[in-house]
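Peer 1: One-letter residues, chain by chain:
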Amino acid sequence: MKTDLFRTGLAAIALIATPAALYAHGSMKPQHGGLVQMTGETMFELVTGPKGVDVYLSEEDEPVPAAGYTAKLTQTAAGKKTEAPLKAAGGNKLSAPGFKAAKGAKIVVALIDKSGAKTFATFQTK
Amino acid sequence: MKLTRLITATLCTGTLLAAAAPLSAHGIWFAQRARQLALIYGVGADDLDAVKRLPLIKAVTGYDADWTAVNTSLRTAGVIPVVDSDEPVAAVAAIMDYGLWSKTPDGEWHNKGRDEVPNATLAEHNWKYAVHLNQMPTSQVPLFDGHTLQLVPVGTAIPQKAGEPIKVRAYYQGKPMAGVTVMSDYVNDPDEAAPAKTAADGTATIKVRNQGINVLMAIYVGASDNKAKADHSEYRASLSFVLPHAPE
Numbered sequence: 000m001k002t003d004l005f006r007t008g009l010a011a012i013a014l015i016a017t018p019a020a021l022y023a024h025g026s027m028k029p030q031h032g033g034l035v036q037m038t039g040e041t042m043f044e045l046v047t048g049p050k051g052v053d054v055y056l057s058e059e060d061e062p063v064p065a066a067g068y069t070a071k072l073t074q075t076a077a078g079k080k081t082e083a084p085l086k087a088a089g090g091n092k093l094s095a096p097g098f099k100a101a102k103g104a105k106i107v108v109a110l111i112d113k114s115g116a117k118t119f120a121t122f123q124t125k
Numbered sequence: 000m001k002l003t004r005l006i007t008a009t010l011c012t013g014t015l016l017a018a019a020a021p022l023s024a025h026g027i028w029f030a031q032r033a034r035q036l037a038l039i040y041g042v043g044a045d046d047l048d049a050v051k052r053l054p055l056i057k058a059v060t061g062y063d064a065d066w067t068a069v070n071t072s073l074r075t076a077g078v079i080p081v082v083d084s085d086e087p088v089a090a091v092a093a094i095m096d097y098g099l100w101s102k103t104p105d106g107e108w109h110n111k112g113r114d115e116v117p118n119a120t121l122a123e124h125n126w127k128y129a130v131h132l133n134q135m136p137t138s139q140v141p142l143f144d145g146h147t148l149q150l151v152p153v154g155t156a157i158p159q160k161a162g163e164p165i166k167v168r169a170y171y172q173g174k175p176m177a178g179v180t181v182m183s184d185y186v187n188d189p190d191e192a193a194p195a196k197t198a199a200d201g202t203a204t205i206k207v208r209n210q211g212i213n214v215l216m217a218i219y220v221g222a223s224d225n226k227a228k229a230d231h232s233e234y235r236a237s238l239s240f241v242l243p244h245a246p247e
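Chains as they are written, first to last, in numbering that gives the first Met the number 0: chain U, 0 to 125; chain H, 0 to 247.
Source of the hints: derived by calculation from the structure; they are not laboratory data.
One or more hints might be untrue.
Some chain U residues near chain H, calculated using beta-carbon distances under 10 Å [stated by the list, open to error]:
#, residue
1, 38
2, 39
3, 40
4, 41
5, 73
6, 107
7, 114
8, 115
9, 116
10, 117
11, 118
12, 119
13, 120
14, 121
Ideal Cβ placement from N, Cα and C applies to all residues, glycine included.
Looking at chain U on its own, in the form it has when it is part of the complex (with noise of 0.2 Å):
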């Protein structure tokens, strides 16, 4: 009997968890016009164009603030390193202003939170 309780308990802890993990990361849909990538549970979003890069945060649809990152992006373009620091541009925008991103390149966002911990996004610019 009390065991049937315990196997009916787990069932429903199944039922419950599984919906949660089918929506657990949010929309991958860029919301700028940007090539996105997800690491882990963080998407980001990169925006290049004249003025520089921006890139956007946001974890399960909402917009995680920049402030709380520094972060870094290196460009490999034809066999050349560049990088440049991502400043926070309010809200969830970081920005590298005057960095040309080159057509065909990769580009490597490292994020880095308050305790140190270090999550990257690599995107490849058409």
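Starting from the structure of chain U, add chain H where the hints point.
Peer 2: Chain H in isolation, oriented as in the chain U frame:
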């Protein structure tokens, strides 16, 4: 009431067995912890204190998808050591010299060589290695410097579904080695009843056990690297990788 007693008794027995596990039974591998890649020291579900053992780590190396070295180190993050690298790593590897251990007739282990424990019934030098594939390889996994024992997938075709076979090859001192034990799931089945043994060409084919992290462990007892101090050297080399879960 009976169920509670049974669970308590089972947990106690498990704890006692874990405490009694021989020193050499422990290995090192890498696994994700709180979004970071952590170095784990333990066996089965025992995730022991890897931070205090960091001085025993002799090398940590990271590689990109082309196997070019990436500047990589271990950083203590509270109670766990995590991988820190300048760039994303496609693979990371570590070497641990667990030192000399001698067992006396009373069953006690001492962190000394036979030269210091003359009545030892057994003296061994323990080496532990770890290789973690952070992404599926696009070319053959190479042999890494300093890894006296290393387990590598044969080719690049790592199956993506649990239950499918994977062929691996064990290398000892840079050469394919026969007779190496290959455990297929060191975390969830640490007492695997009939682990594979490598054939004459160093290969073994095993089933990929988990649609998640897989920690394979190669084990080989080789000749002593210092006969005055140890009867033999025991090598444990993990190869770990993750199979992705279904899209969310």
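Peer 1: Next step is simple, just say for each hint if it's right about the structure.
Peer 2: Hint check:
Checking residue 38(U) against chain H by beta carbon gives a least distance of about 8 Å; that is within 10 Å, so the hint holds. With a least beta-carbon distance of about 4 Å to chain H, the hint placing residue 39(U) at the interface is held under the 10 Å criterion. Checking residue 40(U) against chain H by beta carbon gives a least distance of about 7 Å; that is within 10 Å, so the hint holds. Given hint, residue 41(U) at the interface with chain H, holds; its Cβ is 8 Å from that chain's nearest Cβ, closer than 10 Å.
Nearest Cβ of chain H to the Cβ of residue 73(U): about 7 Å, under the 10 Å cut. The hint holds. Given the 10 Å rule on beta carbons, the hint for residue 107(U) holds: about 6 Å separates it from the nearest Cβ of chain H. About 7 Å separates the beta-carbon of residue 114(U) from the nearest beta-carbon of chain H, less than 10 Å, and the hint is met. Annotation: interface hint on residue 115(U) holds; nearest CB of chain H at approximately 6 Å, less than 10 Å.
Checking residue 116(U) against chain H by beta carbon gives a least distance of about 5 Å; that is within 10 Å, so the hint holds. Hint status for residue 117(U): holds, given a least beta-carbon distance of 6 Å to chain H, under 10 Å. Nearest Cβ of chain H to the Cβ of residue 118(U): about 6 Å, under the 10 Å cut. The hint holds. A least Cβ separation of about 4 Å between residue 119(U) and chain H falls short of the 10 Å threshold, and the interface hint therefore holds.
Because the closest C-beta pair between residue 120(U) and chain H is about 9 Å apart, less than 10 Å, the hint holds. The interface hint given for residue 121(U) is met, as the beta carbon of that residue sits about 6 Å from the closest beta carbon of chain H, less than 10 Å.
Violated hints: none; the structure is consistent with every hint.
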